[in-house]
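There are 2 protein chains.
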Amino acid sequence: MQSPATNLTTYFMPKANAFYAQSGGVTPVINASACGVIETAATYKQQINKVFAGRNGIIGALREDLIDTSKESKKAIRGLMTTPAGAFGSCRYKLRNLEENRAEYQRLIDVFKAHNIRYFFYNGGGDSADTCLKVSQLSELLDYPLQAIHIPKTIDNDLAFTDSCPGFGSVAKYIAVSTKEAALDVKSMCETSTKVFILEVMGRHAGWIAGSAGLAADKAGDAPHIILFPEVAFDEARFLAKVKNTVDAQGYCVIVASEGTQTADGRFLSDSGIRDAFGHAQLGGVAPMLAHLIHGHLGYKYHWAVADYLQRAARHIASQTDVTQAYAVGKAAVEMAVAGKNALMPCIVRAKGERYRWTVGEAPLAKVANREKRLPKSFISRDGFGITPTARRYFEPLIRGEAYPHYSRGLPVYTSLKNLSVPRKLSDGFDY
Amino acid sequence: MQSPATNLTTYFMPKANAFYAQSGGVTPVINASACGVIETAATYKQQINKVFAGRNGIIGALREDLIDTSKESKKAIRGLMTTPAGAFGSCRYKLRNLEENRAEYQRLIDVFKAHNIRYFFYNGGGDSADTCLKVSQLSELLDYPLQAIHIPKTIDNDLAFTDSCPGFGSVAKYIAVSTKEAALDVKSMCETSTKVFILEVMGRHAGWIAGSAGLAADKAGDAPHIILFPEVAFDEARFLAKVKNTVDAQGYCVIVASEGTQTADGRFLSDSGIRDAFGHAQLGGVAPMLAHLIHGHLGYKYHWAVADYLQRAARHIASQTDVTQAYAVGKAAVEMAVAGKNALMPCIVRAKGERYRWTVGEAPLAKVANREKRLPKSFISRDGFGITPTARRYFEPLIRGEAYPHYSRGLPVYTSLKNLSVPRKLSDGFDY
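Protein chains in written order, with our numbering: chain A, 136 to 567; chain B, 136 to 567.
Same shape as in the complex, but just chain A (with noise of 0.2 Å):
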């Protein structure tokens, strides 16, 4: 039996729009989460009448530069399912407190009154998780009625309370394939040239890209024959003695290392002194360190790749898992925030058993915001160079399936949209 007051909701809340903005990196999945948002969306017309995107993220609705993406055709917004990147703009601009600048917040209700926007999706990692709470703190407080829910999204998956970020299984996949296909390349020709190769890649604070590169090995002695994580001290002794005895006994090796790899003293081995928006240093450059480490100390002959933003971005090779689940948390911040819920991120549940089995949950905004999820303890292996039985348990299922996009003339074709701008009804700016 329904509550009286959600009668109330259900028959006297008036047809009002939803407000989607991308925040922070993008993923090469993070356009399928707008895709479940916006075809979803559309399901609920006695609720939902059109959904307003935000151009280039968050500074888009305080600017009042918002996207009206009921000008799209279907046939682009399914075009969303394989394109990568952000298909309405990003941005790296975090909300500052409540206290410390309560005009920002106080705008973006200015806006969302303005155009009758009641919903309130925000799609990003623990920063954006973060604003996505104060919004909707600000919205009780100003006693605005809007659904916030945050939409998860990040390839560091670092995001807490959901098994996996989508993003992550997609990136995950570009990285052990690559380090499986790079490997094969090295060995071939390890006789008489490279003798070890470097392929740097993200994850500022958590080792979960990185740990992926252990997919590639199928048995003992495979690449990669080193993973370094920001979550072990790096010791420049122990990762040299591993590298010879690894050449000598498998005539190369393979090092996947994490661009957050820092020594005891919490230093990243490569910092190139600019900071981001979020204060966060942005870094870069462990491969050559390290190559030109062992070149020093060992003498071989090395290569090193860093795969930088084409791993984020290699929407050829993402993974249907990871496809699926982030179209699924779009459709599920819908359907939760048509259900009259407030200050959530739809997570994925994995099931317990051998076989892989996920759902969508609830978490709420509050235990999410601005924590980090580390890689357990349990997912590195004893000598602090690998991943263990268990992470691979882990891990396997979020790369699994191809969700290859559809191409024209050898090259994948992505959805490029509209992006037509909803008339302004604010007679003020707003500077951010």
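Simulated from the structure, these hints should not be mistaken for laboratory data. Model, not experiment: these values are computed from the prediction. No false leads were slipped in.
No copy labels: a pair is met if it fits in one copy or bridges any two.
27 Å max Cα-Cα, derived DSSO-like pairs, lysine-lysine:
{"id": "1", "residue 1": "Lys210", "residue 2": "Lys322"}
{"id": "2", "residue 1": "Lys502", "residue 2": "Lys476"}
{"id": "3", "residue 1": "Lys354", "residue 2": "Lys210"}
{"id": "4", "residue 1": "Lys209", "residue 2": "Lys354"}
{"id": "5", "residue 1": "Lys206", "residue 2": "Lys354"}
{"id": "6", "residue 1": "Lys322", "residue 2": "Lys206"}
{"id": "7", "residue 1": "Lys322", "residue 2": "Lys229"}
{"id": "8", "residue 1": "Lys209", "residue 2": "Lys322"}
{"id": "9", "residue 1": "Lys180", "residue 2": "Lys206"}
{"id": "10", "residue 1": "Lys180", "residue 2": "Lys150"}
{"id": "11", "residue 1": "Lys436", "residue 2": "Lys229"}
{"id": "12", "residue 1": "Lys377", "residue 2": "Lys354"}
Let chain A serve as the given structure and place chain B on it in line with the hints.
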């Protein structure tokens, strides 16, 4: 009408074995050529007994370390079609001049005699074409009948005489796809984050690979905005001006830089100082160098990637055209050899006309060896930073078609051969 000599060859040449070796840097499709050789040899049972592969290339012949490919299952050999790198091992080892070290060539002939090898298939680039030519000359000098056929392979696409080189099309596809994907990433974030992205690609002395990135652009303004070719002298001021203009106009700038980018005086932008067995400088690090240059002068936030071995091992995104041609030249090599031909290289001949059609032709090795085919001037746009429509017409058919490998549990299934040794017949060893 056949000459009496040819008749003698046909009727009295005893059934013999064939030698096949992979040389130099491997590719995503060199194993498809191996498959073409082995499968085709099996259809000439009257002429060819077994195919012996050199373990780690020509070194395997010098050491009498031969692999008996007849011990592999048909399925394993077929699996070579979808397996990157060198299944028998490759090497960077260039035989010296005949005058300088005749012993090496004599040793090859001794090993071939001992194992009744009368067909010599050498699968490599310009250096190995030269070796192949010398082997054929020595066999004539020593009156040991040997059909020496070179099978073209190089991701650098710099072999003379052939319209394209097996290996190149797949790398071109990987680079074009990756550029397109990374560009979407940068574009969607450039408002508040990275404005400049640099992808460093292979191609030591010729800009074929760098140029193929130009396929990622569908229309004016699309990435890549700047391509740096070895063929165009790097001019810092013009480069920085182009970066600034592009960011001003598009909001972001994607740069694809050949590792061989060099200044007007012929110095590589970045040179680690290490040289390989052929005396070539080991390159790498152009991308970070350019990134620092741009940041220093223009202050833009940047990211950079170095694809390195990932690009030449990426069988997961190989071009169907390339895979088909790699097999075809392996097949043609065997057909030429059993037809009594010598000192030739099967090559790809592009038919005239709008529609892409190709056949396999024959190139005399003397005209192929030690020549590098650079990117034609007509392929480079007037400002030196892009490709022309002529170049697009050349490149586009080479990346067509997706020849996906089979996957299991999220990863490609790549063939691993048994690589069993042929029992040695010579008592003496050989230090190469």
